[in-house]
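Numbers in my numbering are just positions in the sequence shown, counted from 1, shifted up by 87.
Accuracy of the hints is not assured; some may be wrong.
Under the rule of at most 30 Å between Cα atoms (straight-line distance), these lysine-lysine pairs were calculated in the DSS-like manner [as the list claims (entries may be wrong)]: (1) Lys246 to Lys271; (2) Lys522 to Lys460; (3) Lys294 to Lys323.
None of these hints come from the bench; they were simulated from the model.
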Amino acid sequence: MKLIPNNRILNDIFFNFRTQSIFHALICGLFTVSVLLPQLAVARRPVSKLVEPDKTPTTTSEACSNNDISLNNQVSRVASNVVLASTWVSKPNWGLENIVGTLGPYVYAFLNRSSWPNINERAKQARVPILMYHDIIPKKQVFFDVTPEELEQHFQTLKDNGVTPISLDQLMTHLQTGMPLPEKPVVLTFDDGYGGHYEYVYPLLKKYGYPAVFSIYTNGVGNNVGRTHVSWEQVKEMAANPLVTIAAHSVSHPADLTVLPPEQIQKEVVESKKILEANLGIPIRYFTYPAGKYNEQVASLVQAAGYDSALTMNDVDERFAGASENLLAVSRFGQSRLEDVIAQTWGGTKLPSWKIGFDFASPVQRTDMTIDKIPLILVSGGQPITIHADSRYTVKEILARSNTNAVAAVDGGFFSLKFLNSNVMIGPVLSQVTKQFIPGNNGDNQKLGGRPLVLISPHEVRFIPFDPLKHNTLEGIQAEMPEVTDAFVAAAWLVKDGQPREATTFNGLFDFNAARYRAFWGVNQNKQATIGVSLESVDSISLGVALVKAGLQDVVMVDSGQSTSLVYQGESLVRYEPRPVPHAVALLGSPSMTNTPPCVLVQKKTKHRRT
């Protein structure tokens, strides 16, 4: 499904409504959506007949127990909605466009959520760790115990590294819809309902404003034989705080649910939910397998009991949440892996934008990711331009000599290899830096028919099939894009209209199916210019599939192999010395003089000419 047509349809529908009463209705709808959509988006399923529906609503006193952080977030959200609403009334067209662009992606994600219990493809690309703790006590008894001082140091480490603990509801919404998370998210979980959870963990959660999950097995509540456990009064107090999520952890915490008879498994799963709901007066939507042990039969009974999701663990196969089998087996990491996993945590790609135009105003940002075992570096944002150098240089040197405020660049179009210092390109080229249009060689042009012609203006980017008869003059490309500032012919589409390209579309391009270092550039689903490289050799088809998963909408391959080069903030990001090239695609930072159409000089192409 293409987002742009949907966006235009929505705008056309909205812009045809002009009455004040309609505006009032839509404003009310905005508030309704902003409040209800996050709740609706959480992975929900019909309650099984095995489980009685919760009949005890949250009391007013419980509802008023929100801490300052939660309240501030709500006030901020309402304030933002008021501003949007007032703008909507005073400037209806502008306001509607803004609201469609803001809410549209969330509505789209919710309506296109994955079928339960499957994990959304977008969420699979994120790296969200769930950290698992057990007892918190002053003096350790086993290796996985944590002292209160160590726990606070863990919390401070999260804060110092810009990591944002999120709730289990947030994570489950993300796993089913792909809705965005903070840049560096983590989920905190504490198993078995130990007394230290109330005495040490709960105060620290309130101090830092961190949400967490407490998995309670009901026979342990109030049982202080051996280790201390929380009382029902303490669990009730914790459950009333919006920072806390309570999960069922069975009745008796058996060592291995999988070896029990079905009726015993059902009792452990169903009764623990009933007991917690009866004592706490809240729905219990999550289950945590004791010792992480489960199989298909156990998972089926968890599903039948009406749980939305279940947490597991495996000491020899720890995974990020998006890499879990499904929502009935969400993986976790032991707390000893904290420093390792927070160095890798990533909230995933943003939702596809429903903006009317391109976004060339966002800051230039780097993202490292591995998709389908292909390590990639993507740099997105800023204003795209091309640089046609007067000879061949490394991309790093091209940027240094360009006299622009470019933050990043990737090597660009193909060029003649006959002379080492030649800047002659294969196909026509226009660069706003040189303000020169140079036609391509007629012999070369005939071989380029149908390849992507890249057209850039201050306001848009287009990739169209190159026609040698139409596009070898400045007038010809201006007929396609009147404000064109940059143009060149790329190798092939890797992604077109949000879909990876098949082998038949490469039209015999040399080595398209061979494993090589690849360089590329295009536009992501947020309509931002994006450049990037693969850090390992990959064929074009596999790369296209990975780039779609990374959130790219249209991507073309540029010169690759030993030319593959990516520079960000003055540093080369490839692991080898790339060969010199005469052309680069760059991303500018803040607005510059290059945002206005240049006065273009048209030159006849001379063989191996240096401009």
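Comparing the hints with the structure gives:
With a CA separation close to 11 Å, the supplied pair Lys246 and Lys271 stays within the 30 Å bound. Pair hint Lys522 plus Lys460 does not hold up; C-alpha atoms about 41 Å apart against a cutoff of 30 Å. Taking the CA atoms of Lys294 and Lys323, the gap is near 19 Å; set against the 30 Å cutoff, the hint holds.
In terms of the numbered hints stated before, the structure departs from hint 2 and from no other.
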